[in-house]
Amino acid sequence: MDITAQQNLVHQTRDERRAIDFPKLSPAERDALIKKYHPDHRGHAYRSIKFGPNAGDSTVMEVATLLEGDSPIPADFNLTPEYSVDVLVVGGGGAGCAAALHAHAAGSNVLLATKLRLGDSNSVMAQGGMQIAVAPDDSPVQHFLDTLKGGHMKNDHDLLKTMVEEGPSIAQWLLELGVLFDRQADGNLHVKKGGGSSKARLLTCSDYTGLEIMRVLKDEVLNQKVPLLEFGAVIELLSDGAGTCTGAVLQDLDNKRHIVVAAKTVILATGGIGRLHIQGFPTSNHYGATGDALVLAYRMGVPLVQIDTFQYHPSGGVYPEQLVGALVTEGIRSEGGHLVNAHGERFVNELDTRDVVSSSIIRECEEGRGVRTASGRVGVWLDTPLLDVEHGPGTLDKHFPAMVRQYERYGVDIRKDPVLIYPTLHYQNGGVKIDVKGETPVGNLFVAGEASGGLHGRNRLMGNSLLDLMVFGKRTGLTAAERAKSLSQGKLTLTHVEQFREEAQRHQVSSELTSPMVLPAYTRHVS
Amino acid sequence: MANDSTTPQQFTEQASEIKPQMVTVEIEGKPFQVPAGVTLMKAMWYAGKEVLRGAGCLGGFCGACATYYRTKDDPKVKTCLACSMAVEEGMSFSFMPAFPARKAIYNLPELKDPKQDLFELYPEAPLCRNCNACTEACPQKIDVREGVWKAVFGDFKAVSDMFMDCVMCGMCTPVCIADIAPNLVAVYASRAQGVHFTEKPEGLAKRIKKIADGDYQEDWDRVLKLSDEELQNTTASIT
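Just so you know, the sequences run in chain order A and B. Using the working numbering, the letters of the first sequence map in sequence onto residues 1 to 527. Using the working numbering, the letters of the second sequence map in sequence onto residues 1 to 239.
Since the hints were made in silico from the structure, they are not lab data. We put the beta carbon where it would ideally sit given N, CA and C, even for glycine. Take the hints with a grain of salt, since some may be wrong.
Said to hold, decoys possible - In the EDC-like style, the derived pairs of lysine to aspartate or glutamate whose C-alpha atoms are separated by at most 20 Å in a straight line are: (1) B:Lys210 with A:Asp137; (2) B:Lys157 with A:Asp186; (3) B:Lys112 with B:Asp155.
As the list claims (entries may be wrong) - Covered by chain A, according to a simulated footprint, are these stretches of chain B (three or more residues, beta-carbon under 8 Å): (4) 22 to 31; (5) 110 to 118; (6) 207 to 215.
Claimed, not checked - Ranges of calculated distance between the beta carbons of each label pair, as one might list FRET restraints: (7) A:Val526 with B:Lys72: 21 to 31 Å; (8) B:Lys200 with A:Lys154: 35 to 45 Å; (9) B:Ala212 with A:Gln12: 47 to 57 Å; (10) A:Pro23 with B:Glu88: 20 to 30 Å; (11) B:Ala101 with A:Gly43: 26 to 36 Å; (12) A:Ala521 with B:Asn107: 22 to 32 Å; (13) B:Trp220 with A:Glu482: 22 to 32 Å; (14) B:Lys200 with A:Pro227: 45 to 55 Å.
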């Protein structure tokens, strides 16, 4: 059957589907579905890590290989610093900008280094919104419970409580910087309901929430004249030889030169792992999402938490080919968009958590109820025209201008026709172990944002990432700045790298590969 | 445990299982054969080019891949984002290098009259000669020229609405004969709108005060002393 005929089935069954109330699954049903179909439960994609702080723990092959990789820095490397700062922030996304701005405001001498341009990140793409309990019928405690449920009860309670309680003051900070959140008629913040949440709690800037926040933060970083090093990737950390972080080695990606930075404190805010294409999945992530902080912190002896669990966002593009893996905003489902299989049937409550919805899409496709494209990909329909039917013509134009444009570029009108979607690798649920200040077990080494782990449990709830970035960006920035005041610069050594190499040798691991990856190897080389 | 029959779709940048149809495109002045229908960005990789400057979010939001292109036999040079545009036979394209636009430095809360201050910060803004090149250059289809005038006339609210789609690619800037950087003017006007001309949400202030006053402490105490099983039961009833 061709795509048009398949699409017609979606149009034909629309009214029938609107009459059905599809129930959410019970906890037992959710668990069973996830165990059977979620990529986190595919044993053959996993192996145990051979050595280091997480020796024996299981993670996906792609991550294990990087963690066991060798440092690109030779033991006899000249560690004369070119920069000497109070706070080195690595990463130019939401967490990095928030950390740098707060540390700078606290009077620290900051260097913000990022391997692409300032702001090139996943943060800028966040469309769905930012969860903050501001509505009168909502509370931080309810936000806590919803997130805990979404995370399968595995969230770190202290980290989570910190995030939900500081949410409202973060909204205040962003408003003071000029972020234009959507408002109600009475001037209060407008809130939308997100998947897995019991209350309407998403603050939005139409479907450009991340873009609006990042436009403002980038502008402010420049206004504040925070020293900035773009196209500067961190490729190794430095320690004092006694387990405390004292700086980093960067690489200028333009001329490949190494730059040694002596730093009293280091904040890693380098984001997640989408560009590792775990289990062959396409990804919604930005070009630099190669898990650099995982590798660097691990080599320095910091354990990773829940590093076996990843989020596959239910709605990645499948057709047209140019949009494969690209994110289709969850907002469509929040506003009532149905997921429809090749038989014209709904098969899941679309507002269930991401892991449940993704698992159910994979089930439909594996059991032959998916829709196949000419290029051999498979997916299910997301009924976008339903929104204009349900809420009146113009709804998509008004609330989802970015998505209308995203498809219009390839001649697809989402107001008229449904779109094909399939899960896409979206988020690293776990990450580097931190405490409520964002500090790792290695002194003066902080991690903020997606690179850190524990807060989201085994499944992050929609809209909690933007908040995570801001709360822990702020906390790490302020803590590092305060810490630096009473510290003198420690000596710069590669002792932890030597120890790591010795341990690799003891475990007979001789990695051909150096890590971090920094950028994915997409360039085709013809031999 | 693992269900071995469920194999995910393999990811490749050149995705088709079928041998792709090829097209000839000119990249930075040199012809290359690339698979039909791929994005300009993927065409760069296929052509063997290492991309450092010019790749960012790859999702049409960061503006890193601002690109000039021309289709076969058409003299008109257009703009696009390379991650969000498909190649076609006979197309020519080049990435736009970083353009040295001047960004004004300001401290928003301290500004007394932001609408007037615009003329100090961006004195070139009112010199627009209505050529409309900026609007034509915008890959986001923003009416940039109109936006600049709205800023000049102090309608910052309209500017903030019009430029919500702006990805800061900066393609409006090199074409401006009056040396205006419209996207930077728009960021200033939008932020000023938020800081100076937008109502403070009362509900938010109340919520912050309630948290500071410890109004949720009782709820926290109750929730945090629950056993894992009790917590599970509590959350299971959430709908």
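Among all the numbered hints in the text so far, which are the ones the structure does not match?
Checked against the structure, the hints that fail are numbers 4, 5, 10, 11, 12, 14, while the rest are satisfied.
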